[in-house]
Structures are given as structure tokens and as C-alpha cells.
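Colleague: Use the sequences and the hints to build the structure in full.
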Amino acid sequence: GAGVSQSPRYKVAKRGQDVALRCDPISGHVSLFWYQQALGQGPEFLTYFQNEAQLDKSGLPSDRFFAERPEGSVSTLKIQRTQQEDSAVYLCASRVGQLEQYFGPGTRLTVT
Amino acid sequence: AQSVAQPEDQVNVAEGNPLTVKCTYSVSGNPYLFWYVQYPNRGLQFLLKYITGDNLVKGSYGFEAEFNKSQTSFHLKKPSALVSDSALYFCAVRVGRGGGADGLTFGKGTHLIIQP
Chain A
686 GAGVSQSPRY KVAKRGQDVA LRCDPISGHV SLFWYQQALG QGPEFLTYFQ NEAQLDKSGL
746 PSDRFFAERP EGSVSTLKIQ RTQQEDSAVY LCASRVGQLE QYFGPGTRLT VT
Chain B
112 AQSVAQPEDQ VNVAEGNPLT VKCTYSVSGN PYLFWYVQYP NRGLQFLLKY ITGDNLVKGS
172 YGFEAEFNKS QTSFHLKKPS ALVSDSALYF CAVRVGRGGG ADGLTFGKGT HLIIQP
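As they're listed, the protein sequences go chains A and B.
Residues 686 to 797, numbered by my numbering, are exactly what the first sequence covers, in order.
Residues 112 to 227, numbered by my numbering, are exactly what the second sequence covers, in order.
Source of the hints: derived by calculation from the structure; they are not laboratory data.
Remember, it's a predicted structure, so these values are computed and weren't measured experimentally.
Treat the hints with care, as some may be off.
Anything over 12 Å on all C-beta distances counts as not near chain A; from chain B, calculated [claimed, not checked]:
#, residue
1, 127
2, 175
3, 182
4, 198
5, 199
6, 213
Chain A stretches covered by chain B per the calculated footprint, using a threshold of three residues with CB under 8 Å from any CB of chain B [said to hold, decoys possible]:
#, region
7, 697 to 709
8, 718 to 729
9, 759 to 772
Interface residues of chain B toward chain A, partial, derived using beta-carbon atoms under 7 Å [said to hold, decoys possible]:
#, residue
10, 157
11, 217
12, 219
In this text, a Cβ means the ideal position worked out from N, Cα and C, and glycines have one as well.
Modeller: Next up, the structure:
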């Protein structure tokens, strides 16, 4: 079946612009996660949804980062007023039950 | 707070030889442990997990890992390496059900290079 998909795959933004990153989880997966992976580092947790409820947003680095999943399926990660330090790969993952997470290919964000 | 350490940035192994990629963890409560592999310009692919039960778990592509509670380790192993195993490997941990946070904590990754 289809895996987790993310769009766009690549995004270049000028500093100060707003960006929106989309994640389509695996159908039927209740849980959805966002991670940020800086160059040469492991992914770092940003936020977690169970259906449409955002249960954990402790990893969001600032109030410029906002995530939503209004209908419990597709999720959008929005970054306002992008800064150079926001440049990273943003990974989305989904999960059924308490098992492993399945990751999408990521969106590489470059802020110039 | 939970953490994962992968002490080796890079591991070099000759094709056909056994390989080990090391991982140690720190978590308050029962750990759920995972190994993922990342190929260039691709997302993370799940290899195997330890939730409970046998300490030796088997996963995809002939990989296995051994959970050692006393040493808080979860090393990844394979009896005979292939050149195609060359990739970036990540160990990850979370606290088990009811322990709170669901997000995974990852190590920094280990580059595995298999030489022909």
C-alpha cells in the first residue's frame, strides 16, 4: 500500500517568508508525528497528533512553528517568518497502535 | 529526559564479515527501542524493534539486535555484511505505553561502510 507522502520535497524560502509543509499519512494511521533533521544530525521530535488532537507540541522550537491536523488525516506544518536556522529536513511519520513509526521522504527546507 | 548514544560516527566492515553498530540509551521506565536506516535523499526505513519478550530481535534484511537491560544497550548486528548495507543507521528510544511522551528520541546516527 501507499506509504507516508510529503510535499513539497524541496522548498527554498527567503528569510522572513512563511512556508507550509504537507504530510499525508498512511491510511488508517491514527498517530502522526513531525520531526526536524538538521544536517548531520538525528531527527528531533517536534509534535504529535492522535487523530485531530495535538497531544504533544513540546518539541516545537518557537511560536513561529505551528502544526495542525483538522480532520485527523492530512497534517500541515507551518513556519512563519522563516529564519536561516530553520533550514533542515522536516520528516513526517505515522503509526498505528503503539508500534513502529513509518516515515515519509521528508521536505528539505532551505532558507536563504 | 531520555537519550540515545551512538558512540561511533562511522563503522567500516569488509563485505562478508559480521557487523555491529552500537547503541546505548537512557530512559525512565520501560524502553521501546528501534533501529532505522536512511539512504541518501530518502526517509527513514524501519528495521526492527524491541518492545518486550526475547532479548534478541530479528528484523529486515538479515539484521538483528540484542537488548541488554543491565548495560542499557541495543546493538545492531548482522552475521555477514553486504555492500548494499552501506547507509546511515539510527537508534531510537521511547518510553513504553503509559510512560508519557510518544515521540522518538534518536541518536546522531552511524555511517556504516561496507568495503568490497
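Colleague: It remains to establish, for every hint, whether it holds in the given structure.
Modeller: Hints versus structure:
1. Every C-beta of chain A lies more than 12 Å from that of residue 127 of chain B, the closest at about 29 Å, which supports listing it as non-interface.
2. Every beta carbon of chain A lies more than 12 Å from that of residue 175 of chain B, the smallest distance being close to 16 Å; the non-interface claim holds.
3. A cut-off of 12 Å between C-beta atoms confirms that residue 182 of chain B is not in contact with chain A; the least separation is 21 Å.
4. Listed as outside the interface, residue 198 of chain B is consistent with that label: its C-beta sits roughly 14 Å from the nearest C-beta of chain A, beyond the 12 Å cut-off.
5. For residue 199 of chain B, the condition that its CB be more than 12 Å from all CB atoms of chain A is violated, with the nearest at approximately 9 Å.
6. Chain A draws residue 213 of chain B into its interface by the beta-carbon criterion, the shortest separation being 5 Å against a cut-off of 12 Å.
7. Counting residues of the region 697 to 709 of chain A whose CB lies closer than 8 Å to any CB of chain B gives 0, so the stated coverage by that chain is violated, three being the minimum.
8. With a cut-off of 8 Å between beta carbons, the region 718 to 729 of chain A has 7 residues touching chain B; three or more are needed, and the interface restraint holds.
9. Given a C-beta distance limit of less than 8 Å, the hint that chain B covers the region 759 to 772 of chain A is violated, as 0 residues qualify and 3 are needed.
10. This hint holds: residue 157 of chain B has a C-beta 5 Å from the nearest C-beta of chain A, less than the 7 Å allowed.
11. Checking residue 217 of chain B against chain A by beta carbon gives a least distance of about 3 Å; that is within 7 Å, so the hint holds.
12. A least Cβ separation of about 5 Å between residue 219 of chain B and chain A falls short of the 7 Å threshold, and the interface hint therefore holds.
In this structure, the earlier hints numbered 5, 6, 7 and 9 are contradicted, and the remaining ones agree with it.
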